[in-house]
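Chemist: One-letter residues, chain by chain:
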Amino acid sequence: MTQSCVTPGLLHYEPPIFEIGAPGRNGASLPALDVPDVDPATSLGNLARKSPPGFPEASEVEVMRHFVRLSQWNHAIDLGMYPLGSCTMKYNPKVNEATARLPGLAGLHPYQPESHLQGALRLLWELDQALSEISGFARTTLQPAAGAHGELTGLMLIRAYLTTAGNPRSKVIIPDTAHGTNPASVALNGYKPVLVKTGADGVLLPADVEAVLDEDVAAIMVTNPNTLGIYETHLPKIAEMVHDAGGLVYMDGANLNAIMGKVKPGDLGVDVMHFNLHKTFSTPHGGGGPGAGPVGVVERLVPYLPRPTVEKHGDQFTLDLDRPESIGRVRSFYGNFGVLVRAFTYIRELGGEGLTQATEMAVLNANYIRARLKEAFPPSHDVDTLHETVFSGKLLKKETGVITMDVAKRLMDHGFHPPTVYFPLIVPEALMIEPTETEPPEELDRFCDAMLHIHAEAHDSPETVHAAPLQVGLRRLDETRAARKPRLRWTPPEETE
Amino acid sequence: MSDIPNDLQYTKEHEWARVTDDVVRLGITRHAADQLGDITMVELPREGDEVQKDDEFGTIESVKAVSAVYSPVSGTIVRVNEILEDNPEYINDDPYDVGWLVEIQMSNTSEVDELMDAAAYKTFAAEQED
Amino acid sequence: MLEVIGVDSVSDLFRSIPADSRAKGPLDLPPPLSEHELLGLLQSLADANRSAATGELLSFLGAGATAHGIPQALDDIIRRTEFLTAYTPYQAEISQGTLQAVFEFQTLVCELFGLEVANASMYDGATATAEALLMTRRIKRRDRFVVSEGLHPEYMETCETILSGLSEAELVRIPLGADGRTDASAMKAALAEAPSACLVVQSPNIFGVVEDLAPLANLAHEADALAIAVVTEMVSLSLLEPPGACDFDIAVGEGVGYAVPVSLGGPGVGLFATRDKFKRQMPGRLIGETLDANGVRGYVMTLATREQHIRREKATSNICTNQGLIALCFTIASSLLGRSGFTQLGHLNFAKAQYAREAIAALDGFELRYVAPAFNEFAVRVSGGDATALVNDLAADGILPGVAMGRFDPAWKDTLLVTVTELHRREDIDRLVTALAKKGASS
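Residue numbers (the working numbering), protein chains in the order written: chain X, 1 to 497; chain Y, 1001 to 1130; chain A, 2001 to 2443.
Be aware that a few hints might be false.
To be verified - Cβ pair distances, simulated, as ranges:
1) ASP2276/A to GLU240/X: 35 to 43 angstroms
2) ASP460/X to VAL1078/Y: 55 to 63 angstroms
3) ALA2194/A to ARG487/X: 33 to 41 angstroms
4) PRO31/X to ALA2194/A: 48 to 56 angstroms
5) ARG1046/Y to GLU114/X: 34 to 42 angstroms
6) ALA1068/Y to LYS312/X: 49 to 57 angstroms
7) GLU2358/A to ARG1046/Y: 32 to 40 angstroms
8) THR491/X to ARG1046/Y: 50 to 58 angstroms
9) ASN46/X to VAL1023/Y: 52 to 60 angstroms
As the list claims (entries may be wrong) - Keeping only pairs whose Cα atoms sit at most 20 angstroms apart, straight-line, the calculated PhoX-like set for lysine-lysine is:
10) LYS2314/A to LYS485/X
11) LYS197/X to LYS171/X
12) LYS192/X to LYS2024/A
13) LYS1064/Y to LYS485/X
14) LYS2188/A to LYS2140/A
15) LYS485/X to LYS2279/A
16) LYS398/X to LYS374/X
17) LYS397/X to LYS374/X
18) LYS1012/Y to LYS1122/Y
19) LYS1064/Y to LYS2140/A
20) LYS2024/A to LYS262/X
What the hints assert, rightly or not - Partial pick of chain A residues on the chain X-facing surface, computed with a CB cut under 8 angstroms:
21) LEU2013
22) PRO2242
23) THR2290
24) LEU2337
Just so you know, these hints were derived from the structure itself, not from any lab.
Where a beta carbon is used, it is the ideal one built from N, C-alpha and C, also for glycine.
Construct the complete structure from the given sequences, taking the supplied hints into account.
Modeler: See the structure below:
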């Protein structure tokens, strides 16, 4: 490498928390007992726990250092670009953290009287209104906890609607570019996924949908733009065909960041769509959650929304539990409220114009990367892409033997998180790159320079790229070993061989 | 495309078969094992289970893929290579010998006529490569 | 940038979107706000609520969302943006912080439940329960689930919703007996009636009653069904024999209590543990220990072939991620409490609840619904029969005495569920008792 932008730094090899501290030690801060003592063991008899759970035994400073040291082993959006395609790793404004922590919001209990929750219910109502405006739907339920949970909820709404209409039907059409969650959600809802191939231009063709469309089709599930970053130009026509056949149209909103403010899915004939607030609306990913997966629907599906919904009567807000046609709850309480507060804050910070501008910048950034990388890593299709582009490492592999995984690992040595790799499955050696709107041009250039540097290095010194990462704390991890003899929890060292 | 023993027969699912009277021993080819990568788990039927021709009778997993194995014949499972439960890597090490999967007692021995010989499989596998 | 791309304007980049598909006008949303204005707006929304966290209310609300003390150090750690703004740990070499923390989380969940393997977490306790039902459906290949009515009603409803797409699925409800525990003979009869995938029981149950778990596990196993335990108050496991020791096959729970503020009930974190022999049938992400190319200990996502991105429609669940940050909060809070602190926390909850329970039971106009052992929550019958009216009355004085159970079932409308934790000082409990005494005397 000519010039590294990262150094190994001061990283501590940190043992599991269970190997830190000493017997009897803790970091707890608990009040003294100010009521008459009772002996739990006597009162509980045979229900009493025989030995305490094996929690750690460490002081506050030990626990603090442990987790701060662990944090230093993570890459994060606040450390550098994180161009995971379809994940929309945009910067998360810190004001969202402040608002979500206001005691008047974070301290609320779900079973307080509605009169105590008027501010929270207003927030939920206004967020529903804003998301419905952005997507062109009648109402949006905020209950689902994540995108996949939203998919499941959306499919249940479709099932409930069709059941009322007389027949829930049995199949859901899914394009071959879909996320794995789509078929999994379909199966979990008792439907059978039917695969349809993407056309040569990377878009779904009405004729291909026609070929599998019949009166057993409950719905089609389309991601738009699709996971190739390509806009589904025929969606309105396809929606019309599916509607004519008595089915409904589900749109996976994972890639809404490409069209927010430009296109309203509700205008395209889409009946149901889930949002990923942790993608498009900038709530932090937290290393895997919590997210939120609200679902927007057209008018005819509103009666089926999970209960309770928030309703507005004059200037009062209520929780409507009396919804006879509702599919029921999809989780406890009302949704990931803390996440919803952050997304609400984000929407109010940007306003309509700001959200539209975010879309434009996201598409500009993605296309800039495409222009700079297209010679070295040919894009999957020679058509316009929006917020992300899928590049193929097939040519590089053929020329040098360096595979996409090697390129991904070598990017770490340049201080970047790798893109999404080997997805979608229809593109060989896929590298799916989504920079988002929040990357400055200089960072985009540094990223492209790194990619091109690795491309050259693959030709000059392929063994270096195969061996990557070389500059981060650990070398490549042995996933085969982990899967063959799974060790899924810590055990005391003397119990291992 | 090497390592295709001449004394075995093959399927389009990249499996091999060794036929001895009315019993057929099945495994996956070197090509299939290489495609899967390091194998981490094998799920096989129980002895006595019945299988139909073209039925899925088990799965082979690597870290990032799951691959089904299909029976080219109908019959009864008479032996299962139980050593694979703890040593799935034997399939990578030696797919044609210690890495065999099951033995099936055939109910219709004519079904083996549809299998390919080594030369035919070699051609088939090479075509698939392109 | 436009020059490098080879277009004249940003709008050219959207030319693949047909003109008639475009939005008719700009988004009709309120104008943008500065940070100062945002904080003002959100504060005004917060001020329109009444919150126990601001000190204006004395709350004894629980029922699956019980507030405990949260260590100050915790928020400092989770605001480390390396944790906060990382994605799911797809690239192990630069995600060791998240991966190791989840490995520690899995260990803690195993220890709490007394079981051998735990996943990286689910959305919340209710969805974890539904996933457990689906798991037993896969293992037993049966569609019948026998569920105690001591299960939190919102968990019950979530299970019903999630099973609704599976036409064969049948959820059989078993009532509570006169002592407030699941009616074991009814449970036995239901299991004998038809082959079932599992029984489900919550302990402490929705009325706060501690269930005798071991005999219930026996009933399940005698009927060739699996036993699922649900725990909505994890602190109870400091003092109560865990499901694993009672021979349960799967345990699930809600982990927010001592890890994050209640926050209107979300986000939560669903805990999920089972026996080693069932690990490949488990839903959700799993982290495992391994070595890197230099032989250094490290962590990776493992057994991913169960998951949706590989097995698609045959996956064990459609869940993609976990509740990463909340699972981290749980890990940090558990680590700070420590073995001795956790037991002490349980003792405080138990003793204070016992104190409140005895004092309220002695009042005119109130009687305990059940006398069986409880942990930190107990049900009281209100004379006059309307617990909601009582709650609204006391709320006006700044006291939330408990959850009026009529919200779950009209048959329970005379019952108040009172939750007492380490956060309630003796004078807080005395204040509640005094306020209740006044109401009881006047009714």
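Chemist: When you take the CB atoms of GLU2358/A and ARG1046/Y, is the distance between them in 32 to 40 angstroms?
Modeler: Violated, at about 58 angstroms.
Chemist: Holds or violated: LYS192/X and LYS2024/A, Cα atoms, limit 20 angstroms.
Modeler: violated, 36 angstroms
Chemist: Okay, ASP2276/A versus GLU240/X on CB: inside 35 to 43 angstroms?
Modeler: violated, 52 angstroms
Chemist: Holds or violated: the 34 to 42 angstroms window for the beta-carbon distance between ARG1046/Y and GLU114/X?
Modeler: violated, 58 angstroms
Chemist: Given LEU2337/A as an interface hint, is the shortest Cβ-Cβ distance to chain X below 8 angstroms?
Modeler: holds, 5 angstroms
Chemist: When the nearest CB of chain X is found for PRO2242/A, is that gap smaller than 8 angstroms?
Modeler: holds, 7 angstroms
Chemist: State, for the Cβ atoms of ALA1068/Y and LYS312/X, whether the hinted interval 49 to 57 angstroms holds or is violated.
Modeler: holds, 53 angstroms
Chemist: Against the range 55 to 63 angstroms, how does the distance between the Cβ atoms of ASP460/X and VAL1078/Y compare: consistent or not?
Modeler: 56 angstroms Cβ-Cβ, so the 55 to 63 angstroms window holds.
Chemist: Take a quick look at whether LYS1064/Y and LYS2140/A sit within 20 angstroms of each other, Cα to Cα.
Modeler: Given pair LYS1064/Y, LYS2140/A is violated - Cα atoms ~27 angstroms apart, limit 20 angstroms.
Chemist: Could you see if the CB distance from ASN46/X to VAL1023/Y stays within 52 to 60 angstroms?
Modeler: holds, 56 angstroms
Chemist: Assess, step by step, whether the Cα of LYS1064/Y is no farther than 20 angstroms from the Cα of LYS485/X, and give holds or violated.
Modeler: holds, 16 angstroms
Chemist: Is LYS2024/A within 20 angstroms of LYS262/X, Cα to Cα?
Modeler: With Cα atoms ~9 angstroms apart, LYS2024/A and LYS262/X stay inside 20 angstroms; holds.
In summary, the numbered hints that this structure violates are 1, 5, 7, 8, 10, 12, 19.
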